[in-house]
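2 protein chains.
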Amino acid sequence: MRDAYHEELDSIGDGLVEMARLVGSAIGRATTALLDADLKLAESVIASDERVDDLQRELENRAIDLLARQQPVATDLRIVVTSLRMSADLERSGDLARHVAKLARLRYPQSAVPRDLHSTVLEMGQLAQRLMAKAAEVIISKDVDAALQLEADDDRMDELHRTLFQHLLDDRWQHGIETAVDVTLCGRYYERFADHAVSVANRVVYLVTGEHADELTSSTTPAADGS
Amino acid sequence: MRDAYHEELDSIGDGLVEMARLVGSAIGRATTALLDADLKLAESVIASDERVDDLQRELENRAIDLLARQQPVATDLRIVVTSLRMSADLERSGDLARHVAKLARLRYPQSAVPRDLHSTVLEMGQLAQRLMAKAAEVIISKDVDAALQLEADDDRMDELHRTLFQHLLDDRWQHGIETAVDVTLCGRYYERFADHAVSVANRVVYLVTGEHADELTSSTTPAADGS
Chain A
470 MRDAYHEELD
480 SIGDGLVEMA
490 RLVGSAIGRA
500 TTALLDADLK
510 LAESVIASDE
520 RVDDLQRELE
530 NRAIDLLARQ
540 QPVATDLRIV
550 VTSLRMSADL
560 ERSGDLARHV
570 AKLARLRYPQ
580 SAVPRDLHST
590 VLEMGQLAQR
600 LMAKAAEVII
610 SKDVDAALQL
620 EADDDRMDEL
630 HRTLFQHLLD
640 DRWQHGIETA
650 VDVTLCGRYY
660 ERFADHAVSV
670 ANRVVYLVTG
680 EHADELTSST
690 TPAADGS
Chain B
470 MRDAYHEELD
480 SIGDGLVEMA
490 RLVGSAIGRA
500 TTALLDADLK
510 LAESVIASDE
520 RVDDLQRELE
530 NRAIDLLARQ
540 QPVATDLRIV
550 VTSLRMSADL
560 ERSGDLARHV
570 AKLARLRYPQ
580 SAVPRDLHST
590 VLEMGQLAQR
600 LMAKAAEVII
610 SKDVDAALQL
620 EADDDRMDEL
630 HRTLFQHLLD
640 DRWQHGIETA
650 VDVTLCGRYY
660 ERFADHAVSV
670 ANRVVYLVTG
680 EHADELTSST
690 TPAADGS
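From first to last, the protein sequence lines are chains A and B.
My numbering numbers the first residue of the first sequence as 470 and each following residue consecutively.
My numbering numbers the first residue of the second sequence as 470 and each following residue consecutively.
Hints may be right or wrong, so weigh each one.
As the list makes no split between identical chains, a pair holds if one copy fits it or if it spans any two.
Calculated pairs, DMTMM-like style, for lysine to aspartate or glutamate (alpha carbon to alpha carbon, straight line, at most 20 Å) [stated by the list, open to error]: (1) Lys571 <-> Asp627; (2) Lys611 <-> Asp545; (3) Lys571 <-> Glu628; (4) Lys571 <-> Glu660; (5) Lys611 <-> Glu660; (6) Lys571 <-> Asp505; (7) Lys611 <-> Asp564; (8) Lys509 <-> Asp639; (9) Lys571 <-> Glu560; (10) Lys611 <-> Glu477; (11) Lys611 <-> Asp483.
The set of hints was computed from the structure by calculation and includes no laboratory data.
Model the full structure from these sequences, guided by the hints.
What follows is the structure, encoded as structure tokens:
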């Protein structure tokens, strides 16, 4: 009986990892579609988001079913509830990848991103994908140090986001308002995507330690507090 | 025993309603702060978001506690799990109100929104606040028709959002890139805020009927499908 139960718990974890892999792949492909103005790829990202939504519903139903039949307490209960929260993060990440792909489709056959911002946006896309891959690993390994590392990686995303804004607000900006709007939204999508990956990792930290990631960082590395 | 249990369940509902009221008030005040360039009001919105975050943590802990001690099944279990999802929507709405307030603070003593867009942004703010007030009522009344009404109200938000974009992309736009970026982000914040209010209402629909709001709308009003 308990074996079947732990199998079910594991299968929820597997579902989360699958979602993380799908949305990680989606943001990578959406970035390529955006920069290369690849309509087919954009369409495929948009279509594949349905699979992520389906997975989330399945996972939610499985979690509720498990709560009802097995009535877990203590840690096991926290795992199930936290899984629900993580699946919401991942579902939302999928939406954001879809938004990037929709922007690519909207501006086809042009690229929505001007040439001089390609390298910044490419790095944002790669970083977003890497953060999600790390979040997936953290779900499997439950490695708190690895999880806390995501915050540091996310600082790089914030830097890249600032770089975008510097370009936008530079007097020499010559790409007009429409492109400014596109770049603003697209920067926001990547930033939020990264936030959700960090959030998934932080929830693992909370599960393992019972402390929230921000408390943990400031208590173990007091120097970080004043920086 | 069961009485104490239903009291606890009710208190979770009360917590959700309080969160909805707080974030509804926050988006209203943030809009005033934005349009009137009112720094004090902006600061108060930013500060008050902490209360929303605290409420969410409390509510989450109370829900987990209730799951552990009372082990609800069937409908009661769905109520608790759905409450967790709603509290996440409401917490995120609070963040979005805070973002609007931060934009107000960033551009003080100017208003981030140019004069000719004030009426559109004012209507977006009022609509956002009204949607959240309706969501709060729906949590209390569990009225499915009232809940489905929010989708229609949200159509107006989409219209207003399109109006913003029309202004932005009009050749006569004369407010420069920085303001275009501000208006783009701020339109996005209102739109997302409204999405979360709709999402809260839709979750009530699902609780009451066992059907997702989109299925329900298309089955009861087939005409809406082709529009």
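Task: Violated constraints from the hint list, given by number and in increasing order - done: 5, 7 and 8
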